[in-house]
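J.: Each chain, written out:
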Amino acid sequence: ETGVTQSPTHLIKTRGQQVTLRCSSQSGHNTVSWYQQALGQGPQFIFQYYREEENGRGNFPPRFSGLQFPNYSSELNVNALELDDSALYLCASSVRDRSGYEQYFGPGTRLTVT
Amino acid sequence: QKEVEQDPGPLSVPEGAIVSLNCTYSNSAFQYFMWYRQYSRKGPELLMYTYSSGNKEDGRFTAQVDKSSKYISLFIRDSQPSDSATYLCATSSGGSYIPTFGRGTSLIVHP
Chain A
1 ETGVTQSPTH
11 LIKTRGQQVT
21 LRCSSQSGHN
31 TVSWYQQALG
41 QGPQFIFQYY
51 REEENGRGNF
61 PPRFSGLQFP
71 NYSSELNVNA
81 LELDDSALYL
91 CASSVRDRSG
101 YEQYFGPGTR
111 LTVT
Chain B
1001 QKEVEQDPGP
1011 LSVPEGAIVS
1021 LNCTYSNSAF
1031 QYFMWYRQYS
1041 RKGPELLMYT
1051 YSSGNKEDGR
1061 FTAQVDKSSK
1071 YISLFIRDSQ
1081 PSDSATYLCA
1091 TSSGGSYIPT
1101 FGRGTSLIVH
1111 P
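The listed protein sequences derive, respectively, from chains A and B.
No gaps in the numbering here: position 77 of the first sequence is 77 in my numbering, and each next residue is one more.
No gaps in the numbering here: position 4 of the second sequence is 1004 in my numbering, and each next residue is one more.
Among the clues, some could well be false.
What the hints assert, rightly or not - DMTMM-like cross-link-like pairs, simulated, lysine to aspartate or glutamate; straight-line CA separation at most 25 Å: (1) Lys1002/B - Glu75/A; (2) Lys1070/B - Asp84/A; (3) Lys1056/B - Glu102/A.
To be verified - With beta-carbon atoms standing in for the labels, derived distance ranges: (4) His10/A - Pro1008/B: 34 to 42 Å; (5) Ser27/A - Ser1052/B: 42 to 50 Å; (6) Arg1077/B - Arg22/A: 20 to 28 Å; (7) Ile1108/B - Leu67/A: 16 to 24 Å; (8) Ile1018/B - Gly16/A: 46 to 54 Å; (9) Leu11/A - Asp1066/B: 18 to 26 Å; (10) Asn1022/B - Phe60/A: 26 to 34 Å.
Calculated directly from the structure, the hints in this document are not laboratory data.
Yeah, the Cβ is synthetic: ideal placement off N, Cα and C, and Gly gets one too.
If we strip away everything but chain B, and leave its shape as in the complex, we get (with noise of 0.2 Å):
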């Protein structure tokens, strides 16, 4: 079982549709998940970084982690073709610094 699973899709949606885009983790000595948006044949660009349990919200982007259930979501509100890109999560324990990635969700949001 890898540390952090993650659907590959691809996940495609309408234009304006709420996205949902999940992973799950086993490791319970992660504390740290990040969300990173991968184009085609560019690097990973952090999109948000929280600590622990709970939600963050940063515009239309909400990051959401169950530490209970070992389950991390990020949700993305009014969709855009520009959106469309594979979206990889990425877990950490406390002061490693070194990130473990899922594989990615690819999304393809049509207009």
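Same shape as in the complex, but just chain A (with noise of 0.2 Å):
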């Protein structure tokens, strides 16, 4: 088992609505990574935070957001939540100064839109 945890596990929402994902890095790792993992799919890169700042940004719309705070935790924002956005959502963190290619993942949030 990773040090990195998320939550919620599993998440239901309906078209339209908005959810928050939250994730805790692994202690000493400085970068968080987002990824949305649909079924039989590898994990597509959202984006990216070292030390607070966005670092990179996948092809995801706006409505994708994020955040990471002094503690090195994050946060994954959507908004107007569509269909196709039920996936498997992974963080993953990193020590980006030492080991950058390094990432270990969290178990993931299982969100379903309906």
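Two chains, two separate frames, one set of hints: put the complex together.
T.: See the structure below:
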């Protein structure tokens, strides 16, 4: 088990609603990345935060936004939910300055949009 | 064409077999190569991480990168039923720290 935790585990929302997902990084990690994983697909990069600043963004619309806090925990916010947003949302933490490619994933939050 | 291609399987092998899992990639800027294992309803777990071409061994696992053919492999020796999972390859260019994942290959090791 990694030290990365995510909440909630599961979530059901209605189209058009807003959702906030939370991630607590592994101790000592200063970088957090968020991914969307649809069923049968690999994780797709949403964005990355390094020391509270967005440090890269994938091909996702602006209704996907995030925050990283001073303790390096993070939130992913999704507005105006669409049916296609149903997926497993993963966060991963790493130490950018040392071994940024060694990312440690949390268990994910499974979001269902109806 | 996706940047990282991976056959989804499933790949079914008997216990004790040598397993070969493969990916191809298209971006010659990729220099970092990772393999993750993902059990059902869990997050991916980093197995191995290599830089540039060559082999890297860790216990029963060997990762191999051939940059000339843009081909990545993971070999599992003496496969066990507990190895049954989805294996994801990922690559990244220098400095971005943002991996691009394949879709994963489902491996089933039956007793």
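J.: Each hint needs a verdict: does it hold in this structure or not?
T.: Hint by hint, here is what the structure shows:
1. Lys1002/B - Glu75/A: violated, 29 Å
2. Lys1070/B - Asp84/A: violated, 32 Å
3. Lys1056/B - Glu102/A: holds, 15 Å
4. His10/A - Pro1008/B: 34 to 42 Å: violated, 25 Å
5. Ser27/A - Ser1052/B: 42 to 50 Å: Distance hint for Ser27/A, Ser1052/B is violated at roughly 30 Å.
6. Arg1077/B - Arg22/A: 20 to 28 Å: violated, 40 Å
7. Ile1108/B - Leu67/A: 16 to 24 Å: The hinted range 16 to 24 Å is violated for Ile1108/B and Leu67/A, with Cβ atoms some 40 Å apart.
8. Ile1018/B - Gly16/A: 46 to 54 Å: holds, 51 Å
9. Leu11/A - Asp1066/B: 18 to 26 Å: violated, 42 Å
10. Asn1022/B - Phe60/A: 26 to 34 Å: holds, 29 Å
In terms of the numbered hints stated before, the structure departs from hints 1, 2, 4, 5, 6, 7, 9, listed from lowest to highest.
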